[in-house]
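A.B. asks: Given next are the chains, with one letter for each unit.
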Amino acid sequence: MSNEALYQQRYDRIKKAINLELVDQVPVVYMGSAFAPRWHGMTMAEFCENPESSFQVNLATVKRLDVDGVNLAGGGRITPLLTSLWMARLGVPGRDLPADSLWQVREAEVMTTDDYDAIVNMGWSAFFGSYLPRVIDPQEFGMSMGWVMQNTPRIQQAYREAGYVIVCDAPANVNIPFEYLCGGRSMQKFFLDLYRIPDKVKAAMDVIQAEQIAAIKAAPPFGGIRGIWVGGWRSASALVAPRLWNKFVWPYIVEQVEALVSVGITPVLHWDQDWTRDLVRLQELPAKKCILNPDGMTDLRKFKELVGDRMAMMGDIPASLLAAGTPDDVYAYVKDQVALFEGRGLILCPGCDAPINTKPENMEAFVAAAREYGKVG
Amino acid sequence: MHLLLVTGFLGSGKTTLILSLARAAHESGRRAAIIVNEIGEIGIDNQLMRQLNLDVWELFNGCICCTLTADLVTTLQKLDADYAPDLVIVEPSGAADPRNLLNALPYYRGRPLDGIRWITVLDPLRLPMLLEVLEPLITAGIRQADVLLVSKTDLASSEEVAAAEAAAREINPAAPLFTVALASGLDAALAAELLP
Chain X
1 MSNEALYQQR
11 YDRIKKAINL
21 ELVDQVPVVY
31 MGSAFAPRWH
41 GMTMAEFCEN
51 PESSFQVNLA
61 TVKRLDVDGV
71 NLAGGGRITP
81 LLTSLWMARL
91 GVPGRDLPAD
101 SLWQVREAEV
111 MTTDDYDAIV
121 NMGWSAFFGS
131 YLPRVIDPQE
141 FGMSMGWVMQ
151 NTPRIQQAYR
161 EAGYVIVCDA
171 PANVNIPFEY
181 LCGGRSMQKF
191 FLDLYRIPDK
201 VKAAMDVIQA
211 EQIAAIKAAP
221 PFGGIRGIWV
231 GGWRSASALV
241 APRLWNKFVW
251 PYIVEQVEAL
261 VSVGITPVLH
271 WDQDWTRDLV
281 RLQELPAKKC
291 ILNPDGMTDL
301 RKFKELVGDR
311 MAMMGDIPAS
321 LLAAGTPDDV
331 YAYVKDQVAL
341 FEGRGLILCP
351 GCDAPINTKP
361 ENMEAFVAAA
371 REYGKVG
Chain L
1001 MHLLLVTGFL
1011 GSGKTTLILS
1021 LARAAHESGR
1031 RAAIIVNEIG
1041 EIGIDNQLMR
1051 QLNLDVWELF
1061 NGCICCTLTA
1071 DLVTTLQKLD
1081 ADYAPDLVIV
1091 EPSGAADPRN
1101 LLNALPYYRG
1111 RPLDGIRWIT
1121 VLDPLRLPML
1131 LEVLEPLITA
1141 GIRQADVLLV
1151 SKTDLASSEE
1161 VAAAEAAARE
1171 INPAAPLFTV
1181 ALASGLDAAL
1191 AAELLP
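For the protein sequence lines, the chains are X and L, in the order given. Quick note on numbering: our numbering labels position 215 of the first sequence as 215, and the sequence is numbered without any gaps. For our numbering, add 1000 to where a residue sits in the second sequence, where the first one is 1.
For reference, chain L alone in the conformation it holds in the complex (with noise of 0.2 Å):
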């Protein structure tokens, strides 16, 4: 079973990356899972994902996220229990920091997972922003990457978008860093690089 993180802001194009990841995977013949903090909230249609043959779980956080690490484990288990999914895609809190999943994941006792990929969204727009007020949070999403992604190249000038690449590189210079407008759709090609 592997793992997918998609960590990002909030607002930054998570759900839309993860559906068409989801997608691919599912197109590919692989079984796959979905967890998001709360389906309601991100308007992910249960339904429409069961008859892609996907599973989505919801996280529950009750008030704050040390609990939704908590959760994250147990579902995961259950996951791995009852599903047997070749791919879970987890989409962690927008508002806390990424790191709670890594304290946690050491206390999975499920199938040994075939390994973590962990993609970071940025949204062009808004990253000189979210670096000046949010520094810590944006820059550990960065700096613990595997693959980089920066979305709505349709929305922002060529120039955002090479100010946020430099951002990222400059934070963590080995992830592979790819753009993409998500709102036109996931190119094939690029989803089989970020699917692992």
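Next up, chain X with everything else stripped away, as it sits in the complex (with noise of 0.2 Å):
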């Protein structure tokens, strides 16, 4: 079969999955950031310094474990990706950290209370470059998102060359405020602001959203299966409390994936930490137009009984299992997920990131468990 015929089997197997149509096959994706290079002998510092060799290990890890897919595709620096979605400082191997090291996020006030005001009277993009050189230096951020910018065309050629579907393929990420303030204010401080001055945080959070949504309709039209993230780590249910979610959280949530939804956008849930109180709310999302992608904390039984007719499930084999479980563990935990789906909506996928210290043996098991379990038709 050419490369071109299995990228369109494979595309067409994974847009069933989310239309939660009869697969031939489970779709099986790849994500792991620092697993790709720690696999290939790569060090931290060049795949964080060098965007070039950030893409190429991470479609030669997809070639070496021959997916369907892969979540993101990778390319391009992640550290500055990752100062975009926290509004945070990190910590860079080569630079702050041994060159080896994963990349650390660094968890402090960066943001300040006045800092509302200024997004309101400022508008989010400009608030957002003047806010940068707190965090990183911004010819440096520049540069990085340019590259991305400049070769995300070539990079989706390559996979599709090489007969592989990137889900997310949209050139962008999306993030609800209340993840962006989290991460500049730090959680502490954030948290201490929805107590203390909400209509404030509020305030903020209104501007900064109308810009995204004003920026998902104006998203020019691209192919492939559309997906974008829709992140959410800190406004997990298993952290706020309902009032507060109920106003800062999920609204935000609705509205972007209506809009995203609305300019023919997958959204992907790419939720962290356990979400399993609020999976009922999923009932009032577009039905068979988003997938929820959880980490291995939320409750999939109670997502395929209050969502299972609505939605697709990318995920979810738990960080920990692959670092430190055996492959009879990986096989196991594969065969359950697979017979909770019988066939529909499911995409096998690491839950949230591979990490770093990823087993090789439990990701090769992963794969061999996907398709040995996964043949349906």
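Just so you know, these hints were derived from the structure itself, not from any lab. All the pointers check out, no bait thrown in.
Under the rule of at most 25 Å between Cα atoms (straight-line distance), these lysine to aspartate or glutamate pairs were calculated in the DMTMM-like manner: (1) Lys200/X with Glu1135/L; (2) Lys1078/L with Asp329/X; (3) Lys359/X with Asp1080/L; (4) Lys189/X with Glu1132/L; (5) Lys247/X with Glu1132/L; (6) Lys1078/L with Glu361/X; (7) Lys202/X with Glu1132/L.
Hints in hand, dock the two standalone chains.
C.D. replies: See below:
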């Protein structure tokens, strides 16, 4: 079979999973930023500093595993990308940390309470530009993002020519305002803000949200799966009190999801930590248009029971299982997942991110188990 | 090898408690190790710890807590193999659901653990506010605890301390509860109670 025919077969398989149709084989995709360089003997410094190396080693990993595709394609420098998602400084391997150490998001107060007003007065984009020097060299950031914009078409083409599908192929990420602000303020300060100055926080959130919605609606057309991350980690149900979650988290998720769906983009709810309490709310989102992408903490039986007829799930092999379990443990986990979903609405994938210390034999067992148990028709 | 998990929201006094417990363990002749999220951030002086015959290990989160739990298990295994401590004190991220750890520990493959003790530290000055905004996280930490410790009794009023005690007991009436002013040091008798 040609690589183009393989691509089409894999593309159809993933699209069917999103549409909750019966598949011939449960699709399996790779996700794991730091595992790829570690597996290929590349230092984290090289991976973090050289955008081309980052792309090449991710593609090499996907080829070596021969999965159906990849959650995120990789390519570009990960630390500026994380800075943009977290509004935080990062410890970078080879600069602030040993060359083969994992990067580290620094939990520290960088944004001030006055910055909420600044966001309202300046607008989100202008504020973000003025904020950047506090967390990263703006020139470095600009060059990194420029590389991504310039090279994304080449990266997407390379995956396609090799026969592999990129699920999140939209040239951006979307974050709810809660996550940006929590990262910039630090968790401790941000939750105090929610208690003491909720109106000020909400005013800033609304400005961020309005600009993001406008950007979504102006998204240029593009092909492929058309997936995009809608991230959530500290806005998880396991952390945030329901009253606040209903005010500061869920309405923003709904609005972003509806905007994305309205322009034909598939929201991939990349949600870390446990969201079980609020799974029922997923019934409010458009059916067969979104993917839940949890990390192993959210109760999938509950998910299947509540929204299994409305939404696909991409995940959720736990990081700790990949790092510390055995191939037998991985086989058992994959077998259970496949049995639960019965061939519909499941895309097997490491939950969140295969960690740096993933055992290669566990990653290989994950793919082998997916192929063995995932045969449906 | 005993495992002592010390949880509590950021700023509740966990690090002070951990250092006090580590010193107490060392003075009682036990080989102890500490696992923290980020050494630089919380100000543990690694050299000082080594002088005390303690080993301090740092977890790298990458960006989020799923990676952290994976690192915890492999770090525990490495500690067990290379250092064979009698006691490992773990400070999990204050920014994550502590149940993440329980889900990860079954994958630990070192010497069987002699026991796991979970201490949750509560800041009486902020507990009402934290229960208002982070109720699921704070409640889970209290509910899972084997021992509850209300800290900062030197800074909080007696009413605030009593309210924190009442709130904690309502969620977890079975766990022993102590009150302490960590800034003035940990009483030897209380340290003995807290250490496994």
